Every structure is written in structure tokens, then in C-alpha cells.
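The listed protein sequences derive, respectively, from chains A and B.
Counting in our numbering, the first sequence runs from 280 upward without gaps.
Counting in our numbering, the second sequence runs from 280 upward without gaps.
It is worth saying that the hints were derived from the structure and are not from the lab.
Be aware that a few hints might be false.
Pairs count within a copy or across copies, as identical chains cannot be separated in the list.
The calculated lysine to aspartate or glutamate pairs, modelled on DMTMM-like cross-linking and capped at a C-alpha distance of 25 Å, are [claimed, not checked]:
1) 549 / 400
2) 457 / 316
3) 340 / 284
4) 372 / 284
5) 517 / 573
6) 297 / 393
7) 340 / 540
8) 372 / 476
9) 511 / 393
10) 517 / 528
11) 297 / 316
12) 550 / 453
13) 487 / 328
14) 457 / 311
15) 457 / 339
16) 340 / 400
17) 372 / 328
18) 550 / 284
19) 297 / 505
20) 372 / 567
21) 511 / 476
Because the structure is a prediction, the values reported are computed rather than measured.
Single-letter residue listing:
Number of protein chains: 2
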Amino acid sequence: MNEIELIQCLTRSLPTNKSVVVGAGDDCAVLDVGLPDRFLLFKTDAMVEGIHFTAEAPPEKVGHKALARCLSDIAAMGGTPNSALITLGLPQKFEAAFVENLYTGMGVLARRYEVAIVGGETTTNPERMFISVALLGWAARGKALLRSGAEVGDAIFVTGELGGSRSGKHLEFEPRLKEAQFLAHNLSVHAMIDVSDGLGTDLRHVLKASRVGAELLSSSIPVSREARRAAKAESSGKTPLLAALTDGEDFELLFTVASRDAVPALDAWKKRFPSVPLTCIGRITAGDSITIRDKQGVRPLTAHGYVHFS
Amino acid sequence: MNEIELIQCLTRSLPTNKSVVVGAGDDCAVLDVGLPDRFLLFKTDAMVEGIHFTAEAPPEKVGHKALARCLSDIAAMGGTPNSALITLGLPQKFEAAFVENLYTGMGVLARRYEVAIVGGETTTNPERMFISVALLGWAARGKALLRSGAEVGDAIFVTGELGGSRSGKHLEFEPRLKEAQFLAHNLSVHAMIDVSDGLGTDLRHVLKASRVGAELLSSSIPVSREARRAAKAESSGKTPLLAALTDGEDFELLFTVASRDAVPALDAWKKRFPSVPLTCIGRITAGDSITIRDKQGVRPLTAHGYVHFS
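Next comes chain A alone, as it looks inside the complex (with noise of 0.2 Å):
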């Protein structure tokens, strides 16, 4: 049994209260705490030494990161966030100074945010860093944007370019909480994540939770500077192309919206977001597989999210 199989095991049947309006399977877990204009937000992001930062990652970005992760989740939804409590898992041997810079960078934007940092946790783990952010937030009532609302023939955006994160983007980027905020209280968008796991495997999970597929185009897919000059430095066969399909940790925002609405999203957006790109890349259709087209005609996308050349 794989890692997905066992969460698919696990999240069969949780115990569950009236509270939850959406439990195990979106970017947060949603829940209705009895306020008239809002539901509450509620997220766990872990960090692991060696998988999600290298001990030599410096140690305000490893904190950047470890938060902004968290934050991301909240963009998915359209949220805005309000508290995190801090949990280290420590190896016998850790250096003071290296937690205290990782408490400054997550410090650091968490304030640009004003998200309260209210409490945590330090453990042991013996062989390395273990770090988890709990995360609160808030959505306004009804309109947390969801993974399961992407229907047939809406139009898919996707903000930023994407590919090449682990060069450097991954312990920096902002998190497109703005963004977020303004697709959610502007535009009629139907199904929203964060791109956090690659564009193809990210984009499966919208289809999943919505019951649809969707025909990307190629030429489309906005593939970053870095994705590129990866392909020429490392000769590791990844194209570009694949690499922005599959790198991961890009954090952007891919969403759809009615394709009648797709023309007046790409204006407003412009408007406010001149400098952050923004791409339709394809439209979301019937069935429940993933296509990609491009000038030799239309390929099955595998669900690594890898192009099949047959």
C-alpha cells in the first residue's frame, strides 16, 4: 500500500461533527463555527529535513517556507489567514541560532500577513528537523473556493510560470494570498488549489473532487526561466515542457472559471496584477482524464502527470 492509498484508507470514515462543512480532501478543512458572514479555515503543513529543505537551506528561507506553504493552502480557498501555532521536531544537536533565524523568517511574514504566531511546540526527533505549521483562517460564508466545482467547458487559469521551483523559488515565494482574495470577492470561479504537488497532479485533483477532465494546450503552459535553463543545464532529459507539468512546488493558483467569464477574468486581472502572469491553459471537459494538445495532435497526460509520446 502507497502513501495514497493509505490516506484513501484513512479518510474513508472519520468520525465527523455538524461543524464540518468540508472535512479531509480540499486544500483546508472548512468549518462552520456559527458566525453569520465567515467560515473558519483549518490547515496542517509539514517540513521535513532532507525532503522539504537541505540542513544547509538558510534558515529565515526554511521558516519562509514552512509558513508560506500553510499560507498557500489559504490562498487555494480564497481565505485569509489569522493564526499559526509552531511545531519543531529538534535533533539532539541543534543549533539555537538555526531555529532562532527560522522563527525570524517565519516571523517576518507572518506579520506581512498579520497572522498571529500563537504558540507551539518543541519535541525531539533525534535524526532531523521536523517542522509543522497548524494554520486558522477565515473565508467569507459560502464562498470558500473548493476543489469540487470545476464544470464542463469552464476555461483553466493557472497565475505565475511554472517549473524549476527547487532552484530557488520554493524557499522564497510569496504566497498568492492577494491573488486569491481578489479572485474570490471579484470573479465567479468555480474550483481553485494551489499548485503545490505539479500542475498535472494538482490538476487531477480538481478533476477528482469535481468529477471531470480536462484537454490542456501545450503551447499554453506558461514554463518558467529556471524550468528551461534546467533542461539545458542538466541534460536529465526532463523538457521544459515536462517540467513545468511535474516539478512541483511552484505554489501558484490554478483555477476555472465559466468560459463566458474567462475574456472578462484575463482584463480585470491585468488591470489589477499587471505584473503576475496569468494564463488560460486549457478548458475542463467530460470524462475524468487528463489530454494535452499540441501541434501533432492531442496525447493522454499519465497520472504522474508525464506526457505519454506514443
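Starting from the structure of chain A, add chain B where the hints point.
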């Protein structure tokens, strides 16, 4: 710098915002979310394999303990738990059955208290399992029982019996939620904490937050049968009293009430919880130290709860 010094350093200047009623430093964070009758409680607690449980422990009990520890913190505020997120760091070779049974144990306890499990995350922690629970709960507005309310002259009470938890109780204990809610709603409790690190250490947290001292009565400390048994069997040199003062993981409630309320409190308790011991173990004093009185006189208790035999 040790862990305690590090935490003091980190929590000195955390970002805050106007929703924070109580930040770092109590059993839970307390947030004002704009509800007229309630405050939101927010807490995380982590358990690490080899430290808080062994790989041989029954997984249902590991799951029970992971959630129960966090519920005990909600109890310590006189609160009602509502919903939880579960973060699992899994070793490369995890057994799916272990994780499923861990979730079963957690689910049984969650259902008993109508706690929704609204998601979480699994990630890799290569060498050992890491379990973090994030929990939300509610306290009546203005009635969250803090560590900081103890007053000179207060009677100090503890529920249950102390010491020897490692022989089994730490994996099976029932969080004192019912009892704590009774206290919050029926008695004038000044300060409360749950005994997780040992009576001496946790009492010291209350004293520090309240800027007071305490005198304990040696013969009144409720020593558990397990602590007595361990003292005989292990010949560890730890007397039953020392075990009760320092063992930790008791997850009992430690609280103070005004001296005039002490006898009425005992009477009310006995009617409501006839089978749960409640013991007055001493009184709050001026100053900042803990002393312990026995037949031979009054002795100071050191920072870690150990009795100085001079």
C-alpha cells in the same frame, strides 16, 4: 541553550493580532473570533516514536494517546473539543496496518467526544514515526481557565492519583474533559493546568504564570498504586512520593480555588464524580518557590520537582 531556554527566547516577540486573547504559554491559545458566547481554543501536540511511545506499543493505544494528550490540554482550559487535523511522519517502511489501527484508536476517542477529524497530512520521517495532532475547541467566553489566575491563600487540588503512568496509564488514560467542564461551569476555579510533565513541573508553570509560590503537604499527595509498586519492584531509589511529584504523563487536572471555596468544591465534586479522587494537596503562598511540608518540617522542592533532603 536548552529546550526551555530556547522556547523562552522564541516566544519573546511573536507576531500577534487583535484576535489573540492568550498566545504562547498556556495549555491552549485562546482566540476571540467574534462570537458573543465563546472563545476558540487552538492547540498542537506531537508524539515521537522511541520517546513518547515504543514501536511495540499497540497502535490503537498510540492513536488514543496522541489525541488524548491534546484533549487533555483542552480540558485544562475547561473547554470542549471540536475538530482535529492529524499529521503523520512515516518511516520509509511503515506498516499500513499499524497506521490504520492507530487511526482506529484515535477515531474511537474522537467519536466519544464528538471531535471531527477533518484531515491532515502524511509525509516521510525516515527513521521513526512522528505524530502531531492539531486541535480546535471552545471555551465559554471569559471562562477559559488559565494558568495565571492563582492567588495567595488558594487551596491547590489535584484529581486522580499520580506517578507510575509509564506502566500503562499513559497509553490508556481518559482525558478529564467532563470533570474540567464541571469545574469551569460550577466552581470558581482560579487557575488550572493538566499534569503532563509531573506535578512539580506543572505546578511551577502555574506559579510562574501567576507570580506566586506554593506549599505542598507531603502526606496529602495522592500517590498511585503503580508508583508504589514501581518503587518496590525497581529499587530505583525513587520513592513513591518522588514518583508522584516527578513522573509525568498523569494527565490529571491541577487547579486552585479560594480557600473559602475548598470544602464546597470537595463536596460538589464528590456528588458529581464519586469515583474520581479529588485531593487538596497544599496552598498558594507569596513568593515564587515550592516547599513541601512533612513531619520533619518544611523543605524546598527543586526546579525539576525533586525533593532536597538536607
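Go through the numbered hints given earlier and state which of them the structure violates, listing their numbers in rising order.
-> 1, 7, 9, 13, 18, 19 and 20
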